[in-house]
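Two chains, two frames, some hints: make the complex.
As given, the protein sequences belong to chains U and B, one line each in that order.
The number in this note's numbering is simply the position in the first sequence, starting from 1, with 5 added.
At position 215 of the second sequence (counting the first as 1) the number is 210 in this note's numbering, and the numbers step up by one without a gap.
Hints are not guaranteed to be accurate.
Simulated crosslink set (DSSO-like; lysine-lysine; CA at most 30 Å straight-line) [to be verified]:
| hint | chain 1 | residue 1 | chain 2 | residue 2 |
| --- | --- | --- | --- | --- |
| 1 | U | K130 | B | K254 |
| 2 | U | K132 | B | K63 |
| 3 | U | K132 | B | K134 |
No lab work stands behind these hints, which were simulated from the structure alone.
Note that this is a predicted model, so its numbers are computed, not measured.
So the chains spell out like this:
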Amino acid sequence: MSTSAKPAWTPTEMMTIVAARALRNDDVCFVGIGAPSAACNLARLTHAPGITLIYESGTIATKPNVLPLSIGDGELCETALTTVPVPEMFRYWLQGGRISVGFLGGAQIDRFANLNTTVIGPYDKPKVRLPGGGGAPEIATSCREVFITMVQGKRSFVDKLDFITSLGHGEGRDHRARLGVTTKGPTRVITDLCLMEPDPASKELTVAAMHPGVTREQIADSTGWRVKFSGQIADTPPPTPEELSVLRDLHARTQAANAAQR
Amino acid sequence: MAQFLSLAEAVEDVVRDGDTAAFEGFTHLIPFAAGHEAIRQRRKNLTLVRMTPDLIYDQLIGVGAVNKMIFSWGGNPGVGSLHRFRDAYEQGWPRPLAIEEHSHAAMANAYEAGAAGLPFAVFRGYRGAELARVNPNIKSVTCPYTAEVLATVPAIKLDAAVIHAQKADRAGNVMLEGIVGVQKEAVLTSKRSLVTVEEVVDDLGERSFNACILPHWTITAIAHVPGGAHPSYAQGHYKRDNAFYEAWDDIARDRDSFKAWIGEHVMTRGPEAFAPYARAAGAGRVA
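The following block holds chain B by itself, in its conformation from the complex (with noise of 0.2 Å):
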């Protein structure tokens, strides 16, 4: 059942230190603000999973809360190299980062599996790749039927789920729209879940029958944090901050800028700093 919790109560109750976490978002609807929240409450030995680890995992990195991450593409993307995952995995800087590298279906079809409750995916992948020969957890099972070989990785179970969604009700139904991604079967696949939202609605309102819901049931934790997606985009709220993304690359190249960056914009603020932040950074407002 739904709780409604401030941020801070969120996090602390949701993410814990150890979890394998993820923060998802398929570039629209990164849960940034929860992010922050995670790394002033200074959580530490986390595995992290993610598609698309950009700028949320390279700070949570870039801090050392993270021993692992588990991954398809990790870059800025638009820009270039996460600088400090580079520095972790490269120079083991603050500390030694581990990877579990996929593509992108192996990802995808391992967080359906475990949304569906089974033990791995199948899926036909990795042929001639050579992700196969440096993941140990890429394995293969033929087919009873046709005797196909097909590549299986394990299942994605997390302990901890955070997203970011356009709106909840007040029962803590939450509607995401747009570019999905795999964030309902992130939560699905969770024992525990934080939703961060824009709004908090009286009644979901006029949408599609299909529309993407996740069911208040099927929810820890929610937290009203409006422009909590800032700099990446919320459709139908405001528009990436590719300003923000672009200088990241300067930022993050530097131990020293990053240190005084998440110095300045994640330690001593609190979440209500937030939307505030994301206008004055000028996220464009939808017409």
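Extracted from the complex, chain U is given alone in its bound form (with noise of 0.2 Å):
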């Protein structure tokens, strides 16, 4: 451990971290590749070990040894309980109402964590034409609440979405329900910056819990719109010395397979 006043670990550690405590030993879980991957594979290695991961390709209580490279990896279905077709997937599994948590990441983000993954700029004439929503757009709706992490900055973090890939809350306050939506949508926002959860009522996305060593004035500055605080914020706990470990373990263990495969 380092004895210098800078933390010892990295922005994207501890968002990591903070999206892993998140996930309950009894969750049963959608996983989104990247940034959500590595978090609930590290909730499943240290606090969480019953928890169920479901990865969109028909993987069902997958134990991956590495991080997979994408959502269909061969490792997801040698770990797995079982693997079902895709369209039982989407049909019994996650609109059947059986995922407590979807989590997912994104391009663009708004303040009612309404999601954008599918193009910069107008849907026909794009400046950026991204891959798309994929499962998203279900998995916003079908499970019970859902996670979001994604690093925080003015790019992503945005005023107004340019195309709205798959609900948050809508337009705010009961938005959700007044489109038949009977489900939590957004409770948990986590960046490298801080905690955000909406506010009960506007919906709203609102500071909870800042990450050591963040300020409000970097919160601010890497935010699109005029982000709110929680009258009470609290402070995010810093990393354990066994969560870091098992993420730097993880990612070390992945890096060796994919070298290994080249």
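Listed below in structure tokens is the structure:
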């Protein structure tokens, strides 16, 4: 461990660890690729060994030894309790209401935690055509609640989305209910700077906890709207030595496995 | 009744100009060799369907074989964007590309509806999602029992389905194992189908009573193409060649380097070069 004043972890490690802490041992979690996948597996390897991780490729209760490169890696299938066809995954397991937490990332998010992974610029004349929604539109509405994890910056935390790929809290307040959606939607947004939660009434994302060493100015400068802070902001507890070592071992195993494949 | 053909004969028979076709696979068992054969045979005016179009669709789009793509997630999995897809859609090179975009749930339901012989799929989806605004094929229906409003999309109906599988027996029954995606549905909703396989065996051997099997009478043509899914993976045979997926990001970024790659690795090589190429590229062997 470092003895200098500089934290002995990176902002991304802090983000992954806070995201992992949000998961419970009895959760059934639909895992998005990238940052969510690292967080979900860190949870499984630390405080939530009983968690059920599900990837949209059809793998149920998968326990990958290394982080997958994609949502359809052989590692996910080999270590899963079972692998079901993709239509069954979306019909029975997701639409059927079996998932407690959907864990998503995105290219853009707005103050009501709506997400864009489709396009930057107009849909028909895009500046940047992104890969698209994949499973996200229905993950966002069918899981009992949704956690989102993204690196925070003005280009990703925007005042107005170019496209609403998946519904967060829409225009706020009871918009989800008015659209006939009965699930909670995004309840936490975990970034490399802070934890945001929707205000209970307005549903606007509000800073609920700040990570060690992060200032309010930093958060405001990294948000494309005038971000609100909760009246009682918590301090995110720093990473424990166990969290850091398990996360780093996981990344090291993943890198070694990928290098061996070359 | 499945006919055993060479890859060239099989693609000629199954995939035709102007077809609505799917070269399906969900990260696993992507039929790359068959896609390359379609490029060599200069197929054109295709409408390509796929949940997760990746490198082989980037290549088909880049050579100008595709008029329209129906999809739900178009990227280089684990790496980033599809540059040939973006160039076609954003700049119209080498020809304009129309798109019809859905969510995974919609596509999976639409494949299943097609396999089930239904005209459309119904599901709880697209609520608050903007795709419903830009895709006129996304509609809704009111449940006659509960009055719940549900999303609908047309069933996927294919002229041609192309998939890759681990094995076929000599009668032409095909078995898929691992992540099976929507391949069974794609074959069952197609007029013509081609399955490329890693191996042809006397007997499919010991298997689960519930193994994913396509009976020979559901398939038009089978071609024995070991390594036919490279650079994707075939569970039990070889791993994903991730270095190639990363390398593709540079190859496809530039029109000239893309054309050079297609010229060298697809146009001047037959399918017989595929397995050795897969091995030479270092596709990890199963221990």
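Exercise. Check each numbered hint from earlier against the structure, then list the numbers of those it violates in ascending order.
Key: none
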